[in-house]
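Based on the provided sequences and hints, a complete structural model is requested.
Chain residues, written in single-letter form:
2 protein chains.
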Amino acid sequence: MKNFTFYNPVKIIFGKGTIEKIGAEAAVHGKTALLVYGKGSIKKNGVYAAVTQSLKASGLAFVEHEGVKSNPVLAHTREGIKKARENKCDLVIAAGGGSVIDESKAIAAGFKYSGDVWDFFSGKTAIKDAMPLLTVLTIPATGSEMNCGFVITNEETSQKFNAASPCSFPKVSIMDPLVTITLPKTQTANGAVDALAHIVEGYFTTKDKDAAITDELVHAIARSVIAGTDRILANPEDYNARASMMWSATLALNGLQALGYGGGSFINHAIEHSLSALYDIAHGAGLAIVMPAWFKYDLKISGPERLAKFGRSVFGVAAASDKEAAERTIASFEKWFSKIGAPLKLSEVKIPAADIPKIAENAMGLITKWGIDCDRTSVEDILRKAV
Amino acid sequence: MKNFTFYNPVKIIFGKGTIEKIGAEAAVHGKTALLVYGKGSIKKNGVYAAVTQSLKASGLAFVEHEGVKSNPVLAHTREGIKKARENKCDLVIAAGGGSVIDESKAIAAGFKYSGDVWDFFSGKTAIKDAMPLLTVLTIPATGSEMNCGFVITNEETSQKFNAASPCSFPKVSIMDPLVTITLPKTQTANGAVDALAHIVEGYFTTKDKDAAITDELVHAIARSVIAGTDRILANPEDYNARASMMWSATLALNGLQALGYGGGSFINHAIEHSLSALYDIAHGAGLAIVMPAWFKYDLKISGPERLAKFGRSVFGVAAASDKEAAERTIASFEKWFSKIGAPLKLSEVKIPAADIPKIAENAMGLITKWGIDCDRTSVEDILRKAV
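These protein sequence lines map, in sequence, to chains A and B.
Heads up, the first sequence is in the working numbering, so the first residue is 1 and it goes up one at a time.
Heads up, the second sequence is in the working numbering, so the first residue is 1 and it goes up one at a time.
Since the hints were derived computationally from the structure, they do not count as laboratory data.
It is possible that part of the hints are untrue.
Note that the list lumps identical chains together, so a pair holds whenever it fits in one copy or between two copies.
To be verified - The calculated lysine-lysine pairs, modelled on DSS-like cross-linking and capped at a C-alpha distance of 25 Å, are:
1) Lys207 <-> Lys21
2) Lys128 <-> Lys171
3) Lys88 <-> Lys296
4) Lys2 <-> Lys16
Next up, the structure:
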């Protein structure tokens with residue numbers, strides 16, 4: 001078990017009817033909010049009304065910054081910073097899914113920085129300050145509501161890059177599972193794949209295979225994501241399943257899921273970011289394509305031990321030999337992704353196999369930035385397993 | 001799944017050789033520390049030398065407050081407050097196990113309060129402020145290093161009572177598993193029982209039996225505590241087992257273990273506190289006596305469902321019927337407690353059965369304070385199952 005530091009000061013307010021608390025919580029941190037949201041789904045599911053009413057009741061002014069795309073982009077982030085400055089905002093409220101929260105984190109940090117916000121992503125500078133950020137989560141998936149990382153796509157360079165800073169933890173995140181009940185099946189599935197990917201990355205690339213408590217937590221969260229999603233797809237109005245899934249997705253990337261692993265690589269994310277940057281597909285869909293392909297590739301390099309352990313604990317794989325158990329684990333992932341309607345092949349999201357070299361070239365950007373030991377040929381090999 | 005709020009801002013620095021960081025971390029929060037520790041074990045295991053050297057290197061002054069008892073007492077707490085005031089301390093450093101950390105929390109809060117520190121425990125007043133507290137943990141057991149609760153025994157009234165406040169979260173807790181390698185078998189076992197008890201309490205008294213992710217986490221932590229302890233008892237120098245156990249005990253009471261349960265009762269703790277208050281036995285030993293007795297009592301009231309679920313997941317109980325699975329789960333607890341050398345009967349810690357009415361009377365203090373639905377006759381019934 002490797003050394004680690006864990007610090008996560010996000011206050012989580014979780015449950016039915018909690019969105020109305022946003023005003024009182026926000027009033028602790030500022031007076032004029034930049035209210036960031038997406039393309040209007042929050043106006044259909046009641047979140048917009050609940051948030052704005054609560055802000056008004058607590059005497060907060062707010063300026064709206066709407067239109068955040070899934071795979072949020074740099075230009076819109078810059079607009080948000082400009083709007084926050086023009087309106088002398090002193091806090092940011094994100095109402096939406098991971099994309100909205102990520103762009104909000106970028107705006108909160110960019111607001112306090114005299115240079116261009118992309119500098120945080122290119123590695124030119126570190127984040128030293130940020131406006132206070134509060135979130136109202138509407139889609140369980142990315143875990144951004146309880147961590148300090150975020151991802152923005154530079155649409156000029158097709159780079160989907162990340163940044164992180166302790167300044168970027170939300171002060172408060174409100175999570176009402178009721179608002180997830182109207183999520184379409186595809187978003188539910190993509191969110192589940194994303195959550196699963198977050199715990200898979202560290203688990204399978206750990207530098208220490210003897211961090212028993214963290215392995216147990218990873219298995220627990222994975223089982224819960226899978227069981228919760230199965231219940232939701234059987235009955236979308238199952239509140240407890242929605243709630244368990246929502247909290248599971250948060251736990252899948254709040255730091256706990258990788259403690260003692262000594263840092264692993266986010267290789268599946270590094271490759272997937274290129275798919276969603278180049279083809280604007282959903283992040284979860286891209287991960288469902290990349291993960292089984294990477295498992296098959298990595299099985300020959302890392303051996304079957306971890307895959308076998310995961311499968312036995314999470315999927316109930318009963319094979320006696322590790323080799324067979326590992327293969328059945330990969331098959332279980334594929335079977336489950338198919339069952340929930342996630343794609344497994346590039347062709348299913350209309351990405352031609354001929355583009356693989358171009359995707360691999362793009363992926364080398366993040367692979368290099370993150371210091372992952374994987375060359376371009378290997379990325380091509382991985383992607384060819386998803387043809 | 002019930003609504004919840006989760007907030008835990010403790011910074012954890014975990015791993016080999018981390019104690020030397022205490023000085024730099026403490027310097028952020030103050031200049032003159034009250035250094036609280038127990039009866040000298042930290043002078044034998046190198047912790048005292050590492051802490052004091054680090055404090056000096058970072059330019060911190062410190063005043064020593066030694067002699068904290070396991071089951072820390074009010075008189076010594078008051079002395080600590082007096083010493084901190086006389087020496088104009090502005091932070092507290094706890095170096096030890098849960099008792100040392102608990103007394104340190106009481107001192108840190110009592111220092112800022114003009115009345116008597118017992119007022120926090122009697123319920124006369126709430127904690128509104130506290131000195132910053134940093135901890136160096138030496139015994140995995142209570143979880144106090146990453147929560148805001150603490151327990152003190154009033155030796156005049158034989159009341160072992162608790163207090164809690166968001167002000168009482170440690171700023172930083174340093175956890176070096178290396179220092180636990182020299183822990184005697186009894187302390188290892190008592191710590192494991194305590195950790196197990198912390199997750200058991202919420203799980204078996206939950207107001208909502210459909211909080212799937214939290215059930216999964218509880219199973220994960222329980223399995224990890226049991227497996228870690230087994231490894232440690234087989235080989236006390238197994239670093240990874242010590243590390244996994246240390247982090248597991250923290251997770252067993254940092255709040256995560258009960259989210260969505262809607263509050264449960266700490267009935268086993270309420271009864272055990274009377275055993276350790278009246279007879280000064282180790283808290284973990286008392287819990288090993290009370291828990292199986294309470295399971296047997298509660299099985300008839302709550303039914304077998306939760307015990308069966310826990311046993312199937314944690315102990316691998318294979319019984320088909322819930323009733324049989326529940327009984328085997330209780331037997332598994334007893335078998336494991338015996339295996340690690342924890343007592344199961346009052347007689348094993350020399351408490352006479354004739355004292356049961358007196359113990360039950362004492363226990364009603366906490367049971368009433370905590371609003372637990374359990375009368376004196378029931379406490380006597382429970383204790384008679386441990387004769």
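Consistency of the hints with the structure:
no.: 1; hint: Lys207 <-> Lys21; in the structure: between (42 Å within a copy, 23 Å between copies)
no.: 2; hint: Lys128 <-> Lys171; in the structure: both (16 Å within a copy, 21 Å between copies)
no.: 3; hint: Lys88 <-> Lys296; in the structure: neither (52 Å within a copy, 63 Å between copies)
no.: 4; hint: Lys2 <-> Lys16; in the structure: between (39 Å within a copy, 8 Å between copies)
Against the hints set out earlier in the document, a violation occurs for number 3 only.
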